[in-house]
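Residue numbers (this note's numbering): 1 to 227.
Note that these hints are calculated values from the structure, not bench results.
Watch out, some of these pointers could steer you wrong.
[Claimed, not checked] Subject to a maximum C-alpha distance of 16 Å in a straight line, what follows is the list of computed EDC-like cross-link-like pairs (lysine to aspartate or glutamate):
id: 1; residue 1: K93; residue 2: E212
id: 2; residue 1: K121; residue 2: E104
id: 3; residue 1: K121; residue 2: D96
id: 4; residue 1: K93; residue 2: D105
id: 5; residue 1: K93; residue 2: E226
id: 6; residue 1: K121; residue 2: D103
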Amino acid sequence: MSRLGRFVRESSLSLVFGGLFLVTLVGQAVAGWHQLNDQQVAEGLSRLSLGQYLTSADFAVDVAENWQSEYLQFLLYVLATVWLVQRGSPESKALDETGRESDEDQLVGLFARDDSPRWAKAGGWRTRVFSTSLVLVMGSIFLASWLVQSIAGWAAFNETRLQQLQDPIGWGAYLVNADFWARTLQNWQSEMLAVGSMVVLSIYLRQRGSPESKPVGQPHSSTAIEG
């Protein structure tokens, strides 16, 4: 197998989802552009070009509000699964393995192997940072996306107010406005439902060959067993 072929095979999961992300983002942009222009025409306003729409607050807030909720979902899930368990779920650790686990279990410091990441062997602040690097990065992306959502949502909200001959409001006032929290919470509740459903449904249902499922013949009570 060629080097390129090996790379594609060994990275197929990320490549497929990266491609799906780009396709759906383009689809969202085109559909949102037509939707906004329909509204513009209905209100007697001029149509926007695709470039104008892609740099508008409307597009930014629609993208950012989805990104922040997705990263919040995984941030909370990663943190929760350190200490919380669910009997029978492959998404859970074993019932008696809650917590951050020992250095030996985590292959940290003196227990690191030759092929362990360099910062897992380094000790001190570098190992502490590396030990929480997934949460730190996901948390940073969540906060950045939420900030973008708040600013873009504020701009879009004020555009609507000006069109309705109302005075714009400040960013601080928008942060406690129902529009901001309606946008935020409608995404959060769906993410919490999706994660909770995955945890519970994977106790009783199977997908042969998937590491997100238990082996087909495993008892429902088996915990921390992946297919």
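Hints and how they fare:
Note on K93 and E212: the hinted pairing holds, with a Cα-Cα distance of about 13 Å set against a maximum of 16 Å. Restraint check for K121 and E104: satisfied, since their Cα atoms lie roughly 12 Å apart, inside the 16 Å limit. With a C-alpha separation of about 27 Å, the suggested pair K121 and D96 falls outside the 16 Å cut-off, and the hint is violated. Proposed proximity of K93 and D105 is supported: the alpha carbons are some 13 Å apart, at most 16 Å.
Of the supplied pair hints, the one linking K93 and E226 holds, its CA atoms being roughly 11 Å apart against a limit of 16 Å. For the hint pairing K121 with D103, the CA-to-CA distance comes to about 11 Å; that is within 16 Å, so the pair holds.
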